[in-house]
Amino acid sequence: MGFFDVTSKIIKSIAYPSEMVPSIDDHADDGEHHFDPVTEHESAKLGMWLFLATELLLFGGLFAAYAIYRAKYPEMFMDGSKSLDVVLGTVNTVILIFSSLTVAVAVKAIQENRIKLVKLMLWITIICAAIFAVNKYFEYTYKFSKGIFPGTDIFYSIYFASTGVHMLHVFIGMIVLGILLRKVYKGKYSKENFTAIEIGGLYWHLVDLIWIYLFPLLYLVG
Amino acid sequence: MSEVNEKNYLENGEGFASWFFTVDHKRIGVMYLWAIAVFFIIAAIASFLVRFEHLTPGQTIVSADTYNVLFTLHGSMMVFLFIVPGVAASFGNFLIPLMIGAKDVIFPKLNLYSFWIYLAGAAIFMIALAGPADTGWTFYTPYSIETGANVILITLGIFVLGFSSILTGINFIVTMHKLRAPGMTWDRLPLFCWAAYATSLLQVLATPVVGITLLLLIGERYFGLGFFDPARGGDPVMFQHFFWFYSHPAVYIMILPAMGIISEIMPVFSRKPIFGYKAIAYASLAIALISFLVWGHHMFVSGQSKLVNIIFSVITYAVAVPTAIKVFNWLWTMHKGSIELSTAMLYSLAFIFLFTIGGLTGLFLGALAADVHLHDTYFVVAHMHYVMIGGTVFGFFAALHFWYPKMWGRMFDEFKAKIAFVLIFIGFNVVFFPQFIMGTLGMPRRYFNYAPEFQSLHQISTYGTWIIGAGFILMLWVLMRPLPGKAPGNPYRSVSLEWSMDSPPGTFNFDEIPTITEPVYNYGTKVEEES
Numbered sequence: 000m001g002f003f004d005v006t007s008k009i010i011k012s013i014a015y016p017s018e019m020v021p022s023i024d025d026h027a028d029d030g031e032h033h034f035d036p037v038t039e040h041e042s043a044k045l046g047m048w049l050f051l052a053t054e055l056l057l058f059g060g061l062f063a064a065y066a067i068y069r070a071k072y073p074e075m076f077m078d079g080s081k082s083l084d085v086v087l088g089t090v091n092t093v094i095l096i097f098s099s100l101t102v103a104v105a106v107k108a109i110q111e112n113r114i115k116l117v118k119l120m121l122w123i124t125i126i127c128a129a130i131f132a133v134n135k136y137f138e139y140t141y142k143f144s145k146g147i148f149p150g151t152d153i154f155y156s157i158y159f160a161s162t163g164v165h166m167l168h169v170f171i172g173m174i175v176l177g178i179l180l181r182k183v184y185k186g187k188y189s190k191e192n193f194t195a196i197e198i199g200g201l202y203w204h205l206v207d208l209i210w211i212y213l214f215p216l217l218y219l220v221g
Numbered sequence: 000m001s002e003v004n005e006k007n008y009l010e011n012g013e014g015f016a017s018w019f020f021t022v023d024h025k026r027i028g029v030m031y032l033w034a035i036a037v038f039f040i041i042a043a044i045a046s047f048l049v050r051f052e053h054l055t056p057g058q059t060i061v062s063a064d065t066y067n068v069l070f071t072l073h074g075s076m077m078v079f080l081f082i083v084p085g086v087a088a089s090f091g092n093f094l095i096p097l098m099i100g101a102k103d104v105i106f107p108k109l110n111l112y113s114f115w116i117y118l119a120g121a122a123i124f125m126i127a128l129a130g131p132a133d134t135g136w137t138f139y140t141p142y143s144i145e146t147g148a149n150v151i152l153i154t155l156g157i158f159v160l161g162f163s164s165i166l167t168g169i170n171f172i173v174t175m176h177k178l179r180a181p182g183m184t185w186d187r188l189p190l191f192c193w194a195a196y197a198t199s200l201l202q203v204l205a206t207p208v209v210g211i212t213l214l215l216l217i218g219e220r221y222f223g224l225g226f227f228d229p230a231r232g233g234d235p236v237m238f239q240h241f242f243w244f245y246s247h248p249a250v251y252i253m254i255l256p257a258m259g260i261i262s263e264i265m266p267v268f269s270r271k272p273i274f275g276y277k278a279i280a281y282a283s284l285a286i287a288l289i290s291f292l293v294w295g296h297h298m299f300v301s302g303q304s305k306l307v308n309i310i311f312s313v314i315t316y317a318v319a320v321p322t323a324i325k326v327f328n329w330l331w332t333m334h335k336g337s338i339e340l341s342t343a344m345l346y347s348l349a350f351i352f353l354f355t356i357g358g359l360t361g362l363f364l365g366a367l368a369a370d371v372h373l374h375d376t377y378f379v380v381a382h383m384h385y386v387m388i389g390g391t392v393f394g395f396f397a398a399l400h401f402w403y404p405k406m407w408g409r410m411f412d413e414f415k416a417k418i419a420f421v422l423i424f425i426g427f428n429v430v431f432f433p434q435f436i437m438g439t440l441g442m443p444r445r446y447f448n449y450a451p452e453f454q455s456l457h458q459i460s461t462y463g464t465w466i467i468g469a470g471f472i473l474m475l476w477v478l479m480r481p482l483p484g485k486a487p488g489n490p491y492r493s494v495s496l497e498w499s500m501d502s503p504p505g506t507f508n509f510d511e512i513p514t515i516t517e518p519v520y521n522y523g524t525k526v527e528e529e530s
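Just so you know, the protein sequences line up as chains W and E, in that order. Going by numbering that gives the first Met the number 0, the first sequence opens with residue 0, and the numbers climb by one from there. Going by numbering that gives the first Met the number 0, the second sequence opens with residue 0, and the numbers climb by one from there.
Quick caveat, the hints were computed from the structure, so don't treat them as lab data. Cβ atoms here follow ideal geometry from the backbone N, Cα and C, with glycine treated the same way. Among the clues, some could well be false.
Here are some chain W residues pointing at chain E (derived, C-beta under 7 Å) [as the list claims (entries may be wrong)]: (1) H33; (2) L45; (3) T53; (4) L56; (5) A64; (6) A66.
Derived pair list, reagent style DSSO-like, types lysine-lysine, alpha-carbon separation capped at 30 Å [to be verified]: (7) W:K107 - E:K271; (8) E:K108 - W:K182; (9) W:K187 - E:K6; (10) E:K108 - W:K44.
Take a look, some chain E residues computed to stay more than 12 Å from chain W by CB distance [claimed, not checked]: (11) G233; (12) I324; (13) R492.
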């Protein structure tokens, strides 16, 4: 097997995991389902919750750094916070909370087989995420134009590090939701098979939740 | 055998692709085993060079800079590529579904992706060797920010490896919750699974913290964030706090699976039920819990407040309790048992002996006053190697021999394997026991040079590496040349579930999912009558 065959097989198996042909043909005998559907559904949810716990601990490091340095430099955090754009921050907060609602509706809708509604809600969620990203882009570039960069002082380092890592999660969320949407169009999901949308929704709620903490801690303490 | 299990897992498919794209937990476990074996050998060679350098004071074979690179390579590769993923990912993958009566782990594809992510992380790690780090495996700031070495790439590799660790942990936890066979209640769960469960919890809860720490370190080097730089108002000790918040629990990620292995082997070769099943099971969880609360004991001399030091010291002592519970239970399992000194049992006995030395010397270091004297000396090096080699690696070797028939379907030459064991056991003690003495005499660790009065102890230690090295080679040679003929399904007359099928297991493990009706390790009752 040549290098390119292997590479293309890896890419293909990541892009279309469910269509992946396992080397052990017997494993494929039950198609998509390796185990019974109820177990798979419950397991996927448990697995996702565990993954969300790891995400909280990832951000936990940033929150700990925030707590330590805010206690050490209260003035710096007051001043830094005042320089952030509360209006844009508020708009972004509202957008993310709204997108959490739409993704929740999508999860409910797929369980009732209302495919059109699912598509609409996922579209709105992705667009909300995009608007959030655009706003953040303007916020960042405005800061850069004023000569404020990561490393300018500890507050801005925390601001850029935590919103940056959060932004990365927004992008990942957009990709996840995009893949789900594409599969909805392909007719992969129904009220019998909605686990992927449910756990994708869980991930998006986490992205939202982290922001709900980041927003007051960064924008509103000034 | 039924139709689905016509072929055993080793025969089912040939060639590179049949392994690299498999979702069979057994094959993935075996691939992990090969991968960690390769890194173990590379990292061991680095350590032999480090020891060789110490034959004489000053330069023996390599320069001081190369020496720094060598011990960093040894430490970081052993920790992040061998011992953290090591036992849990290889034997955990192979054994957990067999032990709980399942046909695979719950997320087989995710399992394969975890392995690929592991390889990707390892690849980044290897690329980073182009500008090898010289920071030690702990990447302490401020040096890790200032050095010209390739710190960004190596930490990125470790960050990626962390993903693999997390995903494997999630997979195992959910597998044990959802896929236990009917009748496999939690109090019938083999103790290896309990240990793997506790390990997985640690992997899931601790790894993300080192992830963000290493990301911040990368940001520190790339953007100059300043979190760990006093010139910018940051604090280098904060890096140590963050780092050890992961890396202390990681110590238990390394040792818990080995403890699980010992708990499996003891009853088989003592022909007795394990003593204190529940105590051992809950001790695993207790160790996992307490391990999150002791990270400060790595920093007693870094300027923490005295109160904090005292608290960390007390909690450190508390970890010894569940650990000692396990040791006493293993000893009592052997009491009045019919002990068979197989190779696996010899490694297990050595584990108890060496791990006890490692554990007790850990208490010296957990004591505040003693630690001021012993901190950053060879005493620490000896202590952690007694735990990591005497504990984890001996446990790992015990598993290699014990499950060898199940994994490969062949038997090995017990006599030669025992000779290898003797060499490894003697060599290990010759390498590391003198280091306890050197440490108490004040020989600092990680130093290129040393005072002439330490030379004889350093030389004894270096000679030891040649003995242990010979042992490793002999062990590898024995294991690579199995005896002719097929291994029986259950060569040890074990009552555990993983021995109830053919060796090696069929592709689907069980012809049909078994129903469990008896307690685990039910020796001295039914089995003895049947045999």
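For the hint on A66 of chain W, just tell me whether its beta-carbon gets within less than 7 Å of chain E. Violated - the Cβ of A66 of chain W stays beyond 7 Å from chain E, reaching only about 11 Å at its closest.
Quick one, are K187 of chain W and K6 of chain E close enough, alpha carbons at most 30 Å? Not satisfied, since the Cα-Cα distance of roughly 33 Å exceeds 30 Å.
Is the hint on A64 of chain W kept, meaning its closest Cβ partner in chain E is under 7 Å away? 6 Å, holds
Hey, does the H33 of chain W contact hint survive, CB to chain E under 7 Å? Where the cut-off is 7 Å and the nearest Cβ of chain E is about 6 Å from H33 of chain W, the hint holds.
Assess, step by step, whether the Cα of K108 of chain E is no farther than 30 Å from the Cα of K182 of chain W, and give holds or violated. 19 Å, holds
Hint validation: L45 of chain W versus chain E, beta carbon distance must be below 7 Å. Holds or violated? Because about 5 Å separates L45 of chain W from the closest Cβ in chain E, which is inside the 7 Å limit, the hint holds.
Non-interface label on G233 of chain E, tested against every C-beta of chain W at 12 Å: Per Cβ check, G233 of chain E is inside 12 Å of chain W; nearest 7 Å; violated.
Beyond 12 Å from every chain W Cβ: check whether that's true for I324 of chain E. 28 Å, holds
Given T53 of chain W was flagged as interface, is its beta-carbon under 7 Å from a beta-carbon of chain E? 4 Å, holds
Beyond 12 Å from every chain W Cβ - status for R492 of chain E: 30 Å, holds
Quick one, are K107 of chain W and K271 of chain E close enough, alpha carbons at most 30 Å? 54 Å, violated
Tell me if L56 of chain W is really an interface residue toward chain E, meaning its C-beta lies closer than 7 Å to one of theirs. Hint on L56 of chain W: holds, closest Cβ of chain E at ~4 Å, below 7 Å.
Of the numbered hints given earlier, the model fails hints 6, 7, 9 and 11; all others are met.
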